[in-house]
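**Student:** Take a look at the letters that make up each chain.
There are 2 protein chains.
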Amino acid sequence: MQLKWGIVGTGRICQDFCLALLTCDPHEHTIVAISSRDKTQAENFVKEFNLGNQVHAYGSQEELFQDPNVDIAYIGTIEHVHRDLCIRALNHNKHVLCEKPLAINVDEVQQIVDTARKTKKFMMEAMWSRFFPIYNYLRDAIKNIGTVTFVECTFCVSGLVSDGCWSTLMGIGCYPIQAALIAFNHEEPELVTATGHTREFQGEITDTMASITLLFKNNRMAVLNCLGEKIGAINSLTIHGTEGVVSLPTNFWCPTRIVLPNGHHVDHHLPETIKKTNFVNSAGLRYEAIACRDQIMCGKTEHPLMTLENSLQIARIIAQARKQILAAKH
Amino acid sequence: MQLKWGIVGTGRICQDFCLALLTCDPHEHTIVAISSRDKTQAENFVKEFNLGNQVHAYGSQEELFQDPNVDIAYIGTIEHVHRDLCIRALNHNKHVLCEKPLAINVDEVQQIVDTARKTKKFMMEAMWSRFFPIYNYLRDAIKNIGTVTFVECTFCVSGLVSDGCWSTLMGIGCYPIQAALIAFNHEEPELVTATGHTREFQGEITDTMASITLLFKNNRMAVLNCLGEKIGAINSLTIHGTEGVVSLPTNFWCPTRIVLPNGHHVDHHLPETIKKTNFVNSAGLRYEAIACRDQIMCGKTEHPLMTLENSLQIARIIAQARKQILAAKH
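For the record, the sequence lines run as chains R and L. Residue numbering for the first sequence follows our numbering, beginning at 7 and increasing consecutively. Residue numbering for the second sequence follows our numbering, beginning at 7 and increasing consecutively.
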């Protein structure tokens, strides 16, 4: 069965997602519609990616949601409108894959979750990292390093703040948090502590640099650093267990290499895209698309590797961290 | 001129320091006395390291301090008695090199500092890391990576807690802190935040695992993790600047390798000791001994790379961190 995708938005991540879909088996994945608030942009998108005349270019998201040919909406707009778009798509009986962060606070995430559960459509936050083949090796390795006692993860995105990102934690916080939660099997931390720097942006104080510590009972801890400044970045994840260590030494959020507990590494190369992607390793967005289809084919409404409860937990941790960082600056 | 060392204590670090001194030029460094609270232990120490009959084995620290032949006392006892021993040695007109931590709280460190300044003898906390040849490369590299914006350092000592260390931060906290302070040129942090785990030890709550964040003004930060648990440890220091990164990828506290901003590495091998040392790379203790002599020869009372004010600053940060971690558990 072909899963028919409607792409909501025409920005850089939508372009990359489209390129990734085009690496999938066309008998399984096809793009049938693109929408933008500006119809010309949607039309240009269809032309630029050579999608063909059968793809509808809509000048509003509503028209895409009303298109009976669309099975699943990929929402790749800015986070401020995720809540409304997800709820509208679900209420139009579309399955939904929505970019991270799922919404801008826990309440909004809960509203999406409630709507998804009511409509019984498949709904997932686009935590693409978790569907990379290397993450399968990671999950296996975690089972073989005894008790996980310490997770260390740093994500520096050069120029995130200067590009006008309103909050570093909103922009990239989900990545190290989701990685730590895989290591600790989504256990609830005993204590979330965060500290960091802020700046004034559009009249609001917001976070630019953060260190989040998650304390888990029995002497276990995760230290997660997020930096939106232009610095030489080493973006790695290290998971220490009582019996060994496993790490993603670079690009931990879209990895092509893992260093196993025995010190050996495994490489997994990504397919070529027909054009250069905007972001690093975006061909890997294909894996989350394939994961959505797998579950939808089985009639499932959530993916076990990225459930709605997982999204709520990540949103709760981001909210606590932001609150502490902003409170310290007032 | 030969600097005549009196070794106060016979424990594992004293043994290693002695082995390191024996790698130095004997025209420059000689051991003339060993003291212990148990004279037999001091005598056995002289025999074990084949120091010869001219070395005095004393059954009390006081006798060593009274020995007019001793120029400098190396104090390698447990931290609880550092304050008293340093003050007594200084008051007997000895120069002093005292193991880390200099004392168990800021007040005690201040008392040592006050005594050193009054007696005008050379006094230094034995922050051996700073005298490794690799640290010279590190200091040079820091000048060439623009503005330092982020420092990340993790120190895990396998079995520190199970060995009965009463406080992980007291045991190893000084190492990542001193490394971060080199990177930030001993600037005072705007905010010190710490979180971590604790346990009850001898009726007291003490820290076992900590993450300390130092916030410096203008969007700069250090994240320093100390773990006293048995975990697979990757003990690295990474200093991120606006123009590049420099790192000590392993054994950052006693390094033999640096990865320079251009990606190349430099290795510096340590000399062989006549016996195996208790701790990793202890031959490198020689560099702090040589550094002491250099300053004493010039009539200096502090070493510019590890001043008494540096010791006070490190002690203040450890104190703040411990207070926050213990307070969170009450």
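Treat the hints with care, since some could be wrong.
Identical copies carry no separate label here, and so any pair may be met within one copy or between two of them.
As the list claims (entries may be wrong) - As a list, the in silico PhoX-like pairs of lysine-lysine whose alpha-carbon atoms are at most 25 Å apart:
no., residue 1, residue 2
1, K335, K281
2, K329, K223
3, K281, K53
4, K10, K329
5, K45, K281
6, K223, K335
7, K282, K53
If you're looking for bench data, these hints aren't it; they were derived computationally from the structure. Values in this document were obtained by computation on a predicted structure and should not be read as measured data.
**Student:** None of the hints should be skipped; say for each whether it holds.
**Tutor:** Here is how each hint holds up against the structure:
no.: 1; hint: K335 x K281; verdict: neither (44 Å within a copy, 54 Å between copies)
no.: 2; hint: K329 x K223; verdict: both (23 Å within a copy, 20 Å between copies)
no.: 3; hint: K281 x K53; verdict: within (13 Å within a copy, 74 Å between copies)
no.: 4; hint: K10 x K329; verdict: neither (40 Å within a copy, 58 Å between copies)
no.: 5; hint: K45 x K281; verdict: within (23 Å within a copy, 78 Å between copies)
no.: 6; hint: K223 x K335; verdict: between (29 Å within a copy, 12 Å between copies)
no.: 7; hint: K282 x K53; verdict: within (16 Å within a copy, 71 Å between copies)
The earlier numbered hints that this structure contradicts are 1 and 4.
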